[in-house]
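Number of protein chains: 2
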Amino acid sequence: MKAVVIRCNASGAALQDAEIEMPACGPNDLCVAVQAVSVNPIDLKMARAKPAADEKPRVLGWDAAGTVHAVGSEVKDFSIGDRVYYAGSVLRPGCFSEFHLVDERLVAPAPRSLSWVEAAALPLSSLAAWEALFDRMRIPQRSAGARAKALLVLGGAGGVGSMAIQLAVQLTDLHVVATASRIESRDHCLALGAHAVIDHTAPLAPQLKALGRPQVAYVLCLTEPSAVWSDLATVLAPFGHLCALVEAAAPLDMNLLRAKSLSFSWEGMFTRAMFKTADMVGQQDILRQLAQAVDAGVLKTTLKHHLGPVDARHLMHAHALLAMRRTIGKIVLG
Amino acid sequence: MKAVVIRCNASGAALQDAEIEMPACGPNDLCVAVQAVSVNPIDLKMARAKPAADEKPRVLGWDAAGTVHAVGSEVKDFSIGDRVYYAGSVLRPGCFSEFHLVDERLVAPAPRSLSWVEAAALPLSSLAAWEALFDRMRIPQRSAGARAKALLVLGGAGGVGSMAIQLAVQLTDLHVVATASRIESRDHCLALGAHAVIDHTAPLAPQLKALGRPQVAYVLCLTEPSAVWSDLATVLAPFGHLCALVEAAAPLDMNLLRAKSLSFSWEGMFTRAMFKTADMVGQQDILRQLAQAVDAGVLKTTLKHHLGPVDARHLMHAHALLAMRRTIGKIVLG
Chain A
18 MKAVVIRCNA SGAALQDAEI EMPACGPNDL CVAVQAVSVN PIDLKMARAK PAADEKPRVL
78 GWDAAGTVHA VGSEVKDFSI GDRVYYAGSV LRPGCFSEFH LVDERLVAPA PRSLSWVEAA
138 ALPLSSLAAW EALFDRMRIP QRSAGARAKA LLVLGGAGGV GSMAIQLAVQ LTDLHVVATA
198 SRIESRDHCL ALGAHAVIDH TAPLAPQLKA LGRPQVAYVL CLTEPSAVWS DLATVLAPFG
258 HLCALVEAAA PLDMNLLRAK SLSFSWEGMF TRAMFKTADM VGQQDILRQL AQAVDAGVLK
318 TTLKHHLGPV DARHLMHAHA LLAMRRTIGK IVLG
Chain B
18 MKAVVIRCNA SGAALQDAEI EMPACGPNDL CVAVQAVSVN PIDLKMARAK PAADEKPRVL
78 GWDAAGTVHA VGSEVKDFSI GDRVYYAGSV LRPGCFSEFH LVDERLVAPA PRSLSWVEAA
138 ALPLSSLAAW EALFDRMRIP QRSAGARAKA LLVLGGAGGV GSMAIQLAVQ LTDLHVVATA
198 SRIESRDHCL ALGAHAVIDH TAPLAPQLKA LGRPQVAYVL CLTEPSAVWS DLATVLAPFG
258 HLCALVEAAA PLDMNLLRAK SLSFSWEGMF TRAMFKTADM VGQQDILRQL AQAVDAGVLK
318 TTLKHHLGPV DARHLMHAHA LLAMRRTIGK IVLG
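Protein chains in written order, with the numbering used here: chain A, 18 to 351; chain B, 18 to 351.
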């Protein structure tokens, strides 16, 4: 089958079109005919991972939409021909290939109202946003209307932020303040429903004060956390909760969070798959709920850039855009 | 009225018996005739606080049981003569005095089945244990019997630990592993119901493995956290939650918690009172539930050392014992 592989040599790593062996389903696997994929920072991280001496070419990519082509002997929730979407597991080969294996517990039917590329934009970043808000910070899903408490989304215009804003605005009673540093990213956040947008390149506390929201109950930090740490400690309300996704580049002074009895969580979308946790099937549940909300018109796809078919040339373009860290929404191929 | 005050001079701070002015109730205050008090690490911390140049003698002590002697104009939950217990607020003078003012939202009726000294042992440390388990880590209060998940209580024999063990054993379905480093502290933890006790002066992971509990869902860290940090990161299960009370003496490498999507919370018993949070009255609720559980025979007082009446001599003795960090349960005067 066709695939885009990453080959490491003395001068670095390169993406190449290649022909690789068709994989065989394990008992819980779906073999999916991949129709569209999206790119994520994890691709760049995995591309940099030091290869083993005898390494075979690797396949990146952990965000896919496609059709079930074959099923493992113990698969019970899916049949051949089902339209599905998923992020999968970083412990297995990625989805930048014609066919791809994934454990059915990580998969759900794709939203019926979306095209392949619109669907492929969603899984990884939506799972991260959903788990961060509802599993890690345990923000109640309700709509009391009052919006008394606030959520600050740092880096609101990226893939995770674009879904987190929508989830918080549509499914919770939080007042949602996003951060963005450019006019187009600011407009993007407002179009997704953010109640206010502030600039994360300037101190946060005075901007929040000017909004009449000097303290926030929740912070979803989608940027590197050490750069904004003391600012976040200042703006969090007593008993507030901060959730971060990106590894800290410098030590985080946890004592700054102590007087207000604050909580900090890491959200890692791959934790369930990496540790094969008992609640692994929770990702199927989230993707199902997400698809329903999309089909009901409550949530929108975060697709922003459709670059072309899945091949080495388009993936290199996608990864170059991603590495600049200025993209809005999601980059999709298919 | 009589009080024990702390006076700072060139050679340090000293506790002295003194006669000070009787305080006048604010609208939400109870004036309590203090019958018994207990000592806590916060006393030592507040004693070390740098005094203002013109400082008046200060009163320490934030754990009391006594009788309501007078009430403020807006008090609605208490009447003169009520038997009460509470921790109070570090922003106000402490309770090592004949009479003491406290906001009624932080107070509850004392357990009927306990003596004054037995009751005074409870408030501060029980509030900390309760808030850590049920508010910060949000451990469900239920008893399914299975005890599939485990809680590790680091420093199980101290004041907070002695109540945390009981709360977890009696009110949750967790398997409770406490740590202790001496025979008497180990026996104390087992007598409170801990299902197992390990030694926190040795690596934790192999000891938990030997117990058949290699991973724990929750850690309540009642000792200085940086000393055991990498051990805790190792033994926490994916999506596990760690709650700490004591300021970190060295940076905590938060990245160690990332792969497993772990959560970290600070528990500060005085956060509600210090920030006058909207849920300040939650401490009254907790102390009420605690008193009911004590009167129902579900929880026991953590009183271990009754040193004598509240005076400078006995308080100096109590603080000296506390500073050694080897006491089991609570030290009470009254």
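Worth flagging that the hints you see were computed from the coordinates, not collected in a lab.
A portion of the hints provided could be inaccurate.
Identical chains share a label here; the pair holds if one copy fits it or two copies do between them.
[What the hints assert, rightly or not] In silico BS3-like links for lysine-lysine, alpha-carbon gap of 25 Å or less:
1. K293 with K166
2. K62 with K321
3. K166 with K19
Going down the list of hints, with the structure as the test:
| no. | hint | verdict |
| --- | --- | --- |
| 1 | K293 with K166 | between (35 Å within a copy, 16 Å between copies) |
| 2 | K62 with K321 | within (22 Å within a copy, 55 Å between copies) |
| 3 | K166 with K19 | neither (50 Å within a copy, 45 Å between copies) |
In summary, the structure is inconsistent with hint 3 from the numbered list given earlier, while agreeing with all the others.
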